[in-house]
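Asks: Sequence:
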Amino acid sequence: MADGGAYIDWYGKGRHQNWRTPSGIFDALHAEFQFTLDGASEPGNGLLPLASTADAPISWTGHRVFCNPPWSNIRPFVDQAPWADLAVFLVPARTNVGWFHHALQLGARTRFFLGRPKFELPDHNGNGHNSPVDCLLLIFGGQAHG
Numbered sequence: 002m003a004d005g006g007a008y009i010d011w012y013g014k015g016r017h018q019n020w021r022t023p024s025g026i027f028d029a030l031h032a033e034f035q036f037t038l039d040g041a042s043e044p045g046n047g048l049l050p051l052a053s054t055a056d057a058p059i060s061w062t063g064h065r066v067f068c069n070p071p072w073s074n075i076r077p078f079v080d081q082a083p084w085a086d087l088a089v090f091l092v093p094a095r096t097n098v099g100w101f102h103h104a105l106q107l108g109a110r111t112r113f114f115l116g117r118p119k120f121e122l123p124d125h126n127g128n129g130h131n132s133p134v135d136c137l138l139l140i141f142g143g144q145a146h147g
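Read in order, the letters of the sequence shown correspond to residues 2 to 147 in my numbering.
Derived by calculation from the structure, the hints in this document are not laboratory data.
Every value quoted in this text rests on a predicted model; they were computed, and no experiment measured them.
Glycine included, C-beta positions come from ideal geometry on N, C-alpha and C.
Take these hints with a grain of salt, some might be off.
What the hints assert, rightly or not - Restraint ranges, calculated between C-beta atoms of paired labels, are given here: (1) LEU115 / GLY63: 19 to 25 Å; (2) SER24 / ARG112: 28 to 34 Å; (3) PRO77 / ASN97: 18 to 24 Å; (4) ASP56 / ARG76: 19 to 25 Å; (5) LEU107 / ILE59: 18 to 24 Å.
Please construct the entire structure, taking both the sequences and the accompanying hints into account.
Replies: This is the structure we're talking about:
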């Protein structure tokens, strides 16, 4: 799939797009980067007190943003990264798609990690589900605080 369009079309059909980032991953990143904004949230599913949603978007300008975007629509979130002081994305490791190369052109650094995150739905109290694909971090802008 040269442009990833067919993959995105398939992946978005009938699949939840509101999986919550595992707290172990988020907590470690938050300790390192001291986020001020959850860049892609749904009401009641934010990881930070300040969370941007589709119904109440918040500008990323001047913020230290954590973003686990809906995987069926990553590009619009990547486009916002240059406005943030720092933006860290948790995304599928799909290095053959346009949004990934666009992120690199915008200056993103990659960070890989071992294993697959175990995501949970916001109303799910069980053990969650392993990601169906490998994931990576895209890091834009400033460095860690501290």
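Asks: Would you say the C-beta atoms of PRO77 and ASN97 sit inside 18 to 24 Å of each other?
Replies: holds (20 Å)
Asks: So does LEU115 sit 19 to 25 Å from GLY63, Cβ to Cβ?
Replies: About 33 Å separates the Cβ atoms of LEU115 and GLY63, which means 19 to 25 Å is violated.
Asks: Given the hint of 28 to 34 Å, is the C-beta distance from SER24 to ARG112 inside that range or not?
Replies: violated (18 Å)
Asks: Does the Cβ pair LEU107, ILE59 satisfy 18 to 24 Å?
Replies: Since the Cβ atoms of LEU107 and ILE59 sit about 20 Å apart, the hinted range of 18 to 24 Å holds.
Asks: Quick check: does the Cβ-Cβ distance between ASP56 and ARG76 fall within 19 to 25 Å?
Replies: holds (20 Å)
The structure is inconsistent with the numbered hints 1 and 2, although it conforms to all the rest.
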